[in-house]
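Novice: Sequence:
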Amino acid sequence: MWQSIKPEKILFLDIETVPMAATYDQLSESMKRFWDKKSRYLMKEDQTPADLYDQKAGIYAEFGKVICIVCGIFIEKEGKRFIRIKTLAGEDERKILEAFASILDRHSSTGQYLCAHNGKEFDFPFLARRMLINGIKLPDILNVSGMKPWETPFLDTLEFWKFGDYKHYTSLDLLAHLFGIPSPKSDIDGSMVGKVYWEDRDLQRIARYCRADVLALMQLFLRFRGEALVTPECIEEVQHEGE
1 MWQSIKPEKI LFLDIETVPM AATYDQLSES MKRFWDKKSR YLMKEDQTPA
51 DLYDQKAGIY AEFGKVICIV CGIFIEKEGK RFIRIKTLAG EDERKILEAF
101 ASILDRHSST GQYLCAHNGK EFDFPFLARR MLINGIKLPD ILNVSGMKPW
151 ETPFLDTLEF WKFGDYKHYT SLDLLAHLFG IPSPKSDIDG SMVGKVYWED
201 RDLQRIARYC RADVLALMQL FLRFRGEALV TPECIEEVQH EGE
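In this text, residue positions in the sequence shown follow the numbering used here: the first is 1, and each later residue adds one.
Rather than coming from a laboratory, the hints here were simulated on the basis of the structure.
In this text, all values refer to a predicted model and were calculated from it rather than measured experimentally.
Treat the hints loosely; a few may be bogus.
To be verified - Here are the simulated lysine-lysine pairs, DSSO-like style, with alpha carbons at most 27 Å apart:
(1) K167 with K56
(2) K44 with K167
(3) K195 with K56
(4) K120 with K162
(5) K9 with K162
(6) K6 with K77
(7) K95 with K120
Unchecked claim - Derived DEER-like restraints, expressed as beta-carbon distance ranges:
(8) L174 with N134: 29 to 35 Å
(9) D200 with L174: 22 to 28 Å
(10) M147 with L178: 29 to 35 Å
(11) E45 with G226: 47 to 53 Å
(12) F82 with K37: 47 to 53 Å
(13) R225 with L174: 16 to 22 Å
(14) K37 with S171: 28 to 34 Å
(15) E237 with D202: 15 to 21 Å
(16) K44 with N143: 34 to 40 Å
(17) F82 with G111: 18 to 24 Å
(18) D189 with K162: 18 to 24 Å
(19) K6 with D46: 48 to 54 Å
Here a beta-carbon is modelled for each residue, glycine too, at the ideal position from N, C-alpha and C.
Construct the entire structure; sequences and hints are all you get.
Specialist: Take a look at the structure:
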């Protein structure tokens, strides 16, 4: 299937998410109760709900929010393949999601796809849920409720690498290293995003990290197809929003 899809028909993406409040203590009393109930099934013996909130809340759409979305496409110019990257980042989640929904509406025509690393388990459902929570109409390409797995317009590099092994997880960073792709990791990793956002207030640092992941994702897609990497001079960044 991957060989039959034109790369230009795919929108590649990565998102960064954080807990909806800086700390557990800043949650409303009702949200504390919901988190307490959720955390019972996740906590280790030496943890409290507050400890777990700092570590895990950002990965659940009910307790987290989107602070950065980076998307990329392949384009052809004068017989050469280029990568074009766009970044949406900021404090206002609704504004970010509305801007991205507009991008997806333009990308939702027949035969278009979305691709992310672990996207089927994280990025795609997280985006859809947060859009609904924010009162944003789901773009057609995310409105997959009731579809069979093979009917969805989703591609997932992690799923491709599993080869049917449902228990297997391999990070994008490791795959990039194995396939000779410049490392996507910067001076932070996913576990640090909440701290960098809420304590350091360094959104630009998070956006750089997210952009590097999307570039690695797109290059990995080419490697999976046995094709050459896009060279640095053929990588373009369009105007960033919200940094």
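Novice: Against the earlier hints, flag every one the structure doesn't satisfy and list their numbers going up.
Specialist: Going through the list in order, the structure violates no hint and respects every one.
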